[in-house]
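Peer 1: Chain residues, written in single-letter form:
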Amino acid sequence: GAVVSQHPSWVICKSGTSVKIECRSLDFQATTMFWYRQFPKQSLMLMATSNEGSKATYEQGVEKDKFLINHASLTLSTLTVTSAHPEDSSFYICSATTSNGRAGGNEQFFGPGTRLTVL
Amino acid sequence: QKEVEQNSGPLSVPEGAIASLNCTYSDRGSQSFFWYRQYSGKSPELIMFIYSNGDKEDGRFTAQLNKASQYVSLLIRDSQPSDSATYLCAVNGGDMRFGAGTRLTVKP
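The listed protein sequences correspond, in order, to chains A and B. Note that my numbering numbers the first sequence so that position 25 is 25, with each residue one more than the last. Note that my numbering numbers the second sequence so that position 60 is 1060, with each residue one more than the last.
Hints may be right or wrong, so weigh each one.
What the hints assert, rightly or not - For lysine-lysine, the following DSS-like pairs were computed, each having C-alpha atoms within a straight-line distance of at most 25 Å:
#1 K20(A) with K66(A)
#2 K66(A) with K41(A)
#3 K20(A) with K64(A)
#4 K1002(B) with K64(A)
#5 K1042(B) with K20(A)
#6 K1107(B) with K1042(B)
#7 K1002(B) with K1067(B)
#8 K1042(B) with K41(A)
#9 K1107(B) with K41(A)
#10 K1002(B) with K41(A)
#11 K1002(B) with K55(A)
#12 K55(A) with K14(A)
#13 K55(A) with K66(A)
#14 K66(A) with K14(A)
#15 K64(A) with K14(A)
#16 K1056(B) with K1067(B)
Calculated directly from the structure, the hints in this document are not laboratory data. Since the model is a prediction, treat every value here as computed from it, not as a measurement.
Please take these sequences and the hints and turn them into a complete structure.
Peer 2: Structure representation (structure tokens):
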């Protein structure tokens, strides 16, 4: 149980284009979803937290107009990187929490990640 | 600023040895503590979680928590080459904060 999927698993795009990444909880309803970015050999960096039906809460330094998050349902959140540039190339990972997890809702279940390369 | 600190490593141990991974945190109000394993190029996967002071064992893994010292550790017994990965400590005190991770290498 508690499987999170992401699509696409990798994407290559030209500079200036927008890219949408989907995060889905497959077998549970996610109370909260999180978006992380990870550069090579660096730690996870939380970008934003989103709850279904409400605006995402962005971490300091993350441009909300550049990284658009939509959390339309309890099983789907999307991250759109608008006008992507080479410096946006990174590994984007989503996670979700559920009250049905082993740790009573506190642990995060991670998706497999999306590797974005902007040329 | 809520901080979660880990030694970045790399930590190298021989196969069969005990690997000890350490983590300290700054937020005294933290209630739940997690260890994730992340293989290169993959996303993190949960190994252990612990809420109470003391030890919690799960197979070859033991999590240790000392809230007074704001310290949580992960012991891996009988380390295997397949345990080679980056181990992330995460602390939840209202929001989840991750450490930078410790890279572990288990040599055959």
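Peer 1: Now look at each hint and say whether the structure bears it out.
Peer 2: Hints versus structure:
At most 25 Å may separate the alpha-carbon atoms for a hinted pair to count; K20(A) and K66(A) meet this at roughly 12 Å. Our distance criterion of 25 Å between C-alpha atoms is met by K66(A) and K41(A), whose separation comes to about 24 Å. About 14 Å separates the Cα atoms of K20(A) and K64(A), which keeps this hinted pair within 25 Å; it holds. Distance check on the hinted pair: K1002(B) and K64(A) sit about 22 Å apart at the alpha-carbon level, within 25 Å; holds.
With a C-alpha separation of about 20 Å, the suggested pair K1042(B) and K20(A) falls inside the 25 Å cut-off, and the hint holds. Of the supplied pair hints, the one linking K1107(B) and K1042(B) holds, its CA atoms being roughly 21 Å apart against a limit of 25 Å. Distance hint between K1002(B) and K1067(B) is fulfilled; the C-alpha atoms sit about 15 Å from each other, no more than 25 Å. Our distance criterion of 25 Å between C-alpha atoms is met by K1042(B) and K41(A), whose separation comes to about 12 Å.
Distance hint between K1107(B) and K41(A) is fulfilled; the C-alpha atoms sit about 20 Å from each other, no more than 25 Å. Restraint check for K1002(B) and K41(A): the C-alpha separation of about 22 Å stays at or below 25 Å, so the hint holds. A threshold of 25 Å between alpha carbons decides the hint, and for K1002(B) with K55(A) the separation of about 23 Å falls inside it, so the pair holds. For the given pair, K55(A) sits about 28 Å from K14(A) by alpha-carbon distance, which is inconsistent with the 25 Å threshold.
At roughly 15 Å between alpha-carbon atoms, K55(A) and K66(A) fall within 25 Å of each other, so this suggested pair holds. With a CA separation close to 16 Å, the supplied pair K66(A) and K14(A) stays within the 25 Å bound. Distance check on the hinted pair: K64(A) and K14(A) sit about 21 Å apart at the alpha-carbon level, within 25 Å; holds. A threshold of 25 Å between alpha carbons decides the hint, and for K1056(B) with K1067(B) the separation of about 14 Å falls inside it, so the pair holds.
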